[in-house]
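**Student:** Line by line, the protein sequences give chains B and P.
Numbering of the first sequence is given in numbering that gives the first Met the number 0, commencing with residue 0 and proceeding in unit increments.
Numbering of the second sequence is given in numbering that gives the first Met the number 0, commencing with residue 0 and proceeding in unit increments.
To be clear, the hints were calculated from the coordinates, so they are not data collected in a lab.
Do not rely on the hints blindly, as some may be mistaken.
For identical chains, the list gives no copy identity; a pair is met inside one copy or between any two copies.
[What the hints assert, rightly or not] Quick list of in silico lysine-lysine cross-link-like pairs, DSSO-like style, CA-CA up to 27 Å:
#	residue 1	residue 2
1	52	99
2	128	99
3	7	99
4	290	31
The primary structure of each chain is shown beneath.
Number of protein chains: 2
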Amino acid sequence: MATITELKARVADLERQLADALQTKSAPNRGKITQMSAEVVDSNPYSRLMALKRMGIVENYERIRDFTVAVVGVGGVGSVTAEMLTRCGIGKLLLFDYDKVELANMNRLFYQPHQAGMSKVEAAERTLKEINPDVEFEVYNYNITTTENFDHFQGRIKQGGIGGDKPVDLVLSCVDNFEARMAINMACNECDQKWFESGVSENAVTGHIQFLIPGETACFACAPPLVVASKIDEKTLKRDGVCAASLPTTMGVVAGFLVQNVLKYLLQFGDVSYYLGYNAMLDFFPRMILKPNPQCDDSYCKKRQTEFQAREATRPKVQVEITEAEVVHEDNEWAIEIVSETTADELAAAEGDQPELTKGVRVAYTTPAPTQGGDQDATVQDSGQSLDDLMKQMQGL
Amino acid sequence: MATITELKARVADLERQLADALQTKSAPNRGKITQMSAEVVDSNPYSRLMALKRMGIVENYERIRDFTVAVVGVGGVGSVTAEMLTRCGIGKLLLFDYDKVELANMNRLFYQPHQAGMSKVEAAERTLKEINPDVEFEVYNYNITTTENFDHFQGRIKQGGIGGDKPVDLVLSCVDNFEARMAINMACNECDQKWFESGVSENAVTGHIQFLIPGETACFACAPPLVVASKIDEKTLKRDGVCAASLPTTMGVVAGFLVQNVLKYLLQFGDVSYYLGYNAMLDFFPRMILKPNPQCDDSYCKKRQTEFQAREATRPKVQVEITEAEVVHEDNEWAIEIVSETTADELAAAEGDQPELTKGVRVAYTTPAPTQGGDQDATVQDSGQSLDDLMKQMQGL
Numbered sequence: 000m001a002t003i004t005e006l007k008a009r010v011a012d013l014e015r016q017l018a019d020a021l022q023t024k025s026a027p028n029r030g031k032i033t034q035m036s037a038e039v040v041d042s043n044p045y046s047r048l049m050a051l052k053r054m055g056i057v058e059n060y061e062r063i064r065d066f067t068v069a070v071v072g073v074g075g076v077g078s079v080t081a082e083m084l085t086r087c088g089i090g091k092l093l094l095f096d097y098d099k100v101e102l103a104n105m106n107r108l109f110y111q112p113h114q115a116g117m118s119k120v121e122a123a124e125r126t127l128k129e130i131n132p133d134v135e136f137e138v139y140n141y142n143i144t145t146t147e148n149f150d151h152f153q154g155r156i157k158q159g160g161i162g163g164d165k166p167v168d169l170v171l172s173c174v175d176n177f178e179a180r181m182a183i184n185m186a187c188n189e190c191d192q193k194w195f196e197s198g199v200s201e202n203a204v205t206g207h208i209q210f211l212i213p214g215e216t217a218c219f220a221c222a223p224p225l226v227v228a229s230k231i232d233e234k235t236l237k238r239d240g241v242c243a244a245s246l247p248t249t250m251g252v253v254a255g256f257l258v259q260n261v262l263k264y265l266l267q268f269g270d271v272s273y274y275l276g277y278n279a280m281l282d283f284f285p286r287m288i289l290k291p292n293p294q295c296d297d298s299y300c301k302k303r304q305t306e307f308q309a310r311e312a313t314r315p316k317v318q319v320e321i322t323e324a325e326v327v328h329e330d331n332e333w334a335i336e337i338v339s340e341t342t343a344d345e346l347a348a349a350e351g352d353q354p355e356l357t358k359g360v361r362v363a364y365t366t367p368a369p370t371q372g373g374d375q376d377a378t379v380q381d382s383g384q385s386l387d388d389l390m391k392q393m394q395g396l
Numbered sequence: 000m001a002t003i004t005e006l007k008a009r010v011a012d013l014e015r016q017l018a019d020a021l022q023t024k025s026a027p028n029r030g031k032i033t034q035m036s037a038e039v040v041d042s043n044p045y046s047r048l049m050a051l052k053r054m055g056i057v058e059n060y061e062r063i064r065d066f067t068v069a070v071v072g073v074g075g076v077g078s079v080t081a082e083m084l085t086r087c088g089i090g091k092l093l094l095f096d097y098d099k100v101e102l103a104n105m106n107r108l109f110y111q112p113h114q115a116g117m118s119k120v121e122a123a124e125r126t127l128k129e130i131n132p133d134v135e136f137e138v139y140n141y142n143i144t145t146t147e148n149f150d151h152f153q154g155r156i157k158q159g160g161i162g163g164d165k166p167v168d169l170v171l172s173c174v175d176n177f178e179a180r181m182a183i184n185m186a187c188n189e190c191d192q193k194w195f196e197s198g199v200s201e202n203a204v205t206g207h208i209q210f211l212i213p214g215e216t217a218c219f220a221c222a223p224p225l226v227v228a229s230k231i232d233e234k235t236l237k238r239d240g241v242c243a244a245s246l247p248t249t250m251g252v253v254a255g256f257l258v259q260n261v262l263k264y265l266l267q268f269g270d271v272s273y274y275l276g277y278n279a280m281l282d283f284f285p286r287m288i289l290k291p292n293p294q295c296d297d298s299y300c301k302k303r304q305t306e307f308q309a310r311e312a313t314r315p316k317v318q319v320e321i322t323e324a325e326v327v328h329e330d331n332e333w334a335i336e337i338v339s340e341t342t343a344d345e346l347a348a349a350e351g352d353q354p355e356l357t358k359g360v361r362v363a364y365t366t367p368a369p370t371q372g373g374d375q376d377a378t379v380q381d382s383g384q385s386l387d388d389l390m391k392q393m394q395g396l
């Protein structure tokens, strides 16, 4: 039988274990930090970021705290995107998703098995607040594509910035379907909101990011997104026990590209990529710029194009007189301009098993069948130009 | 004074509380899965990976369970590397590190503030086992560069494979210093062990991975590692309150590239990159192959080169007769061959502020001063060829 001494030792031991277990689980791990410091001590979570100033990369890293970013979709790419921004000390994050965490998500980074069943936005907010209590969060567990939610979503883009009465600085699309991308595109065109698109193909081995500036670059409705990707119709993917493949590697790389370009844009260093693709089979990385389509179906896109051209026309040019020639690509209906470091040979090398499209370039997402989204589908068809023609035109440039 | 009954009740109560606390924290969240299934249900953590078979990417995904990977250094790149492999369902992981988790690490992915003070390998093992209880772990909290630890490390490379009496399948170097890289290089040359090198520059905006096959590609001692990176001497970085910068983005991308190429190599799909660089400022990605240096200072490297040439000579060639010409690059002392998709212009575009080196190519790591590692430093100098000459020679190819 146990003696009093033994039992007391057991109690003390259990109390210590319990304190440990509770402490490591949910207690706040550090207080808020009011000002970012560059001091090099083990206890400073910002020392390695503030070092970017000393290294001559970023002029004023602290500015990151002034920025608000909305992340739409916190799955394989969006959750890692939100984590990277949180660890970088972004001022505020808005997260939108309507999905739940499942064990089937465990082949990608971020979520843990004990979160299965929780809403993704709640699980993400909880983890991210533990990682960095300095970041402000707003999370919405809803589908942005319904009419009511869309209005609310658009309201948060317009007024979700730090302080509550200014727009967010960037919207990041990390969704996995065409409808949600079109909803983000519509909202951002109307709000004149800069945003980044991201995507990973259904075979898990290609992905891309794209920077969309209303009026200045192609919007999501201007042209079918061009990417080295498979052409599987995403509508068919979740039916009949069939599911798309995914890999933590491809999604981690795409999230890394996305946040890196967000940091470059917000903190003004390096060159922001307008389109950056990733073909994991070949380690091939196409880059290009897509100009907006003057015949775009989205009326706000056309409005932004007019505004942009007016701004450009009045902006003083350095050593270049403003002439008719300033209107770019008048005879190029799609106004697509490839500014790419890749050669035609490289593009050809990246092609796969899609004989109906021009070598090297494939469609990232198939548009829904006419019965499901005739208006959107018409974006391509109303132009009187087939996708194949478009691809040929692009390659000819 | 407490009675035995009271103490027993207290013990029972504490045991229950502790069980609760541990359950939500670290109890296994799912049982082990004996066989990977492709069934598409929310509860199957492998459904999206097994879908790679259906998508025609990987022939036999289940084989991943037969492989063992050693990760040396579980910091910003190594921890994410280990997490990706764990989520992919790798058979076994060996982790080596001697560092502790600090709040100053929180600007990179993986570790959480509540783990501050724990050894990195212990914190990593705990998190990774929660994520995937099917993976087998062996962790070592020591510095591989001391004589005693080096011998043990090399023993684990030779016998750490699944089952206990075969070598690991790959070693991944995710360390942050020259000495540790040289130790891994030495061990892998001696054991004839394939390995991947990885690195991120001290200014946080460039990185690379490199695949090293003893005798077939350049070893780490054959040539100074070539990468678009800054030339800051890492010896000076941790002194005098100065610290290197780091970003979760760059490290996440490098870990993604690393594990993607590990998967391609182990599961035999796509093209494995021998060298892949990442310049985050320009979104520029140099690729190349480096052949071994016949005058390498590492005697095991030269032994492996001889063995490789003998194997090549006896291997039946398809439609090519074996002739003297098969001995490659006899008159190219460095035997460096660039097989790159990048053009000279692109290389030039990637160069920065290092006038003493040829445009576009810079040294990833500075070698220690002669007093610290004269023998290693001599690798370059004994060749009677300056680094500048070497770079010129490379660009001329």
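**Student:** Broken hints, numbered, in rising order?
**Tutor:** 3, 4
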